[in-house]
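Novice: The listed protein sequences derive, respectively, from chains A and B.
Just so we're aligned: the first sequence equals residues 0 to 102 in numbering that gives the first Met the number 0.
Just so we're aligned: the second sequence equals residues 0 to 285 in numbering that gives the first Met the number 0.
Hints may contain errors.
As the list claims (entries may be wrong) - No more than 20 Å apart at the CA atoms, straight line, and that leaves these computed lysine to any residue pairs for SDA-like:
(1) B:LYS281 - B:LYS215
(2) B:LYS124 - B:ASP108
(3) B:LYS215 - A:ALA100
(4) B:LYS215 - A:GLU73
(5) B:LYS215 - A:THR61
(6) B:LYS238 - A:ILE31
(7) A:LYS98 - B:HIS114
(8) A:LYS98 - B:ASP104
(9) B:LYS231 - A:THR61
(10) B:LYS215 - A:ASN74
(11) B:LYS238 - A:ASP37
(12) B:LYS215 - A:GLU83
(13) B:LYS231 - A:THR29
(14) B:LYS215 - A:CYS75
(15) A:LYS98 - B:GLY113
(16) A:LYS95 - B:LEU105
(17) B:LYS117 - A:ALA20
(18) B:LYS128 - B:ARG166
(19) A:LYS98 - B:GLU112
Rather than coming from a laboratory, the hints here were simulated on the basis of the structure.
The structure displayed is predicted, hence computed values, not measured ones.
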Amino acid sequence: MARVNSEFIDEIRQSETFDAAACMHCGQCTAICPMGLDLLPRQLFLYVGAGLEDKVLENRETIFSCLLCRLCEENCPRDVSIAEDVRFLRNYINRKVYKLARN
Amino acid sequence: MGLDLPKGGETVLYTGHMYQMIPTLMSVAKMTSMLEDHWLGKSLFIGRTLNKFINLSWFIPRFHSKEQKRYDEYLRNIVRLLRAADVGFGYLYEEELYTGALVRDLGVDDVFEGHARKVYERLEKHGVKRVITVDPHTTDMLRNIYQQVIPEYSIEAKSYLEVLRERGLEPKTDLDSPVVIHDSCVYARYLDVVDEPRHLLKKAGATIHEPEYSGKMTYCCGGPAESLFPSKAHEIAGKRMGQLVDMGHDVVTMCPICLFNLESAAEGKGAAVEDISEYLVKAYGI
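The whole structure should be built from the sequences, with the hints applied where relevant.
Specialist: Now the structure itself:
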């Protein structure tokens, strides 16, 4: 069962870098991805937008598979900073799951 | 380096250790791909705890010194090229630090920021105002990323390919060879360095063949996935190598990670992958 996590939504909203709200889910990114990641970034950004933190955390391997090569960004009609958004999610997972924050 | 470069100065060559690290990465990659499907691989998470007590890097097999020499030679090529272009520069020697690019890619931001500050302080200590970089990842860190995390950062960073082009260096020898160009994702899409390598190769007489995915639309070598998903990285490298071989057999790269990854996928394809500095030094070097 998918559960909406309002704290997760707040954290995303407070971020100055996460700009996936502009995504219109056209799927150009998925079509061109060298890793062949079906989930990334389109569906993943839907989970984030809906505050489905558990869905995001379930897909950790996919999030860490992204090459950050930005081929998807070259083809994005909404100029979403896809690689930076993926890096944002990695940072979130590192803090929440792996407790990798220094403090 | 054995090249009698002055230590420090306002302009320094900043290698960021990327070329020097590749032979070690080769050993690590071999080990991780062995562990990927092995039962021991499932226990790797224990390493995080264990590493607090035992330095696990002791168990990484040592690299081949022949490869180390080869990758060091690329840096010597770059020094020769910059000298041919009459560029004055120093080097930080053992005080040069890695920029932390991989830590940032993995999203460990506060560790990266602490490290970036350490690198910046080191550069400040030596009065560095400009850095000449040799690979795309270090260039991106020192040109774009450090200024995002260090407000007072104002060091100018340029790749040696940009510096050579600006200087209008004239070739001494004609290369007269066809090459297939593989753009680095970071050079092409993060830094807009697309024309510089083409200009330098063309001016030296090389005929450039462009693969289907090239320039701004270049295709990743798979390298960034190497540390976490080696088999996937190898699959992408194979795919990219296929696209390149369709256009010719002498492939030229401009990033050490691309070089390493594509070369590991070149076996049996009758292709040779070589760093751009190797071509350029033949044409322009002293």
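Novice: So, for every hint listed, does it hold in this structure?
Specialist: Each hint tested on the structure:
For the proposed pair LYS281 of chain B and LYS215 of chain B, the alpha carbon gap of about 27 Å is over 20 Å, so the pair is violated. Straight-line distance between C-alpha atoms of LYS124 of chain B and ASP108 of chain B comes to about 24 Å, which puts the hinted pair past the 20 Å bound. Proximity of LYS215 of chain B to ALA100 of chain A is assessed by CA-CA distance (about 35 Å); at most 20 Å being required, the pair is judged violated. Restraint check for LYS215 of chain B and GLU73 of chain A: satisfied, since their Cα atoms lie roughly 8 Å apart, inside the 20 Å limit.
Distance hint between LYS215 of chain B and THR61 of chain A is unfulfilled; the C-alpha atoms sit about 24 Å from each other, more than 20 Å. For the hint linking LYS238 of chain B to ILE31 of chain A, the alpha-carbon distance of about 14 Å falls within 20 Å, and the restraint holds. For the proposed pair LYS98 of chain A and HIS114 of chain B, the alpha carbon gap of about 18 Å is at most 20 Å, so the pair holds. Distance hint between LYS98 of chain A and ASP104 of chain B is fulfilled; the C-alpha atoms sit about 17 Å from each other, no more than 20 Å.
Taking the CA atoms of LYS231 of chain B and THR61 of chain A, the gap is near 12 Å; set against the 20 Å cutoff, the hint holds. Between LYS215 of chain B and ASN74 of chain A the CA atoms are separated by roughly 10 Å; this keeps the pair inside 20 Å, and the hint holds. Straight-line distance between C-alpha atoms of LYS238 of chain B and ASP37 of chain A comes to about 18 Å, which keeps the hinted pair within the 20 Å bound. Distance check on the hinted pair: LYS215 of chain B and GLU83 of chain A sit about 18 Å apart at the alpha-carbon level, within 20 Å; holds.
A C-alpha spacing of about 17 Å is found between LYS231 of chain B and THR29 of chain A, which places the hinted pair at or below 20 Å, so the restraint holds. For the proposed pair LYS215 of chain B and CYS75 of chain A, the alpha carbon gap of about 13 Å is at most 20 Å, so the pair holds. For the proposed pair LYS98 of chain A and GLY113 of chain B, the alpha carbon gap of about 17 Å is at most 20 Å, so the pair holds. Pair hint LYS95 of chain A plus LEU105 of chain B holds up; C-alpha atoms about 14 Å apart against a cutoff of 20 Å.
Distance restraint check for LYS117 of chain B and ALA20 of chain A: the Cα-Cα separation of roughly 35 Å exceeds the 20 Å cut-off, and the hinted pair is therefore not satisfied. With a C-alpha separation of about 19 Å, the suggested pairing of LYS128 of chain B with ARG166 of chain B holds against the 20 Å cut-off. At roughly 17 Å between alpha-carbon atoms, LYS98 of chain A and GLU112 of chain B fall within 20 Å of each other, so this suggested pair holds.
Hints 1, 2, 3, 5, 17 from the list above are not met by this structure, while the remaining hints are.
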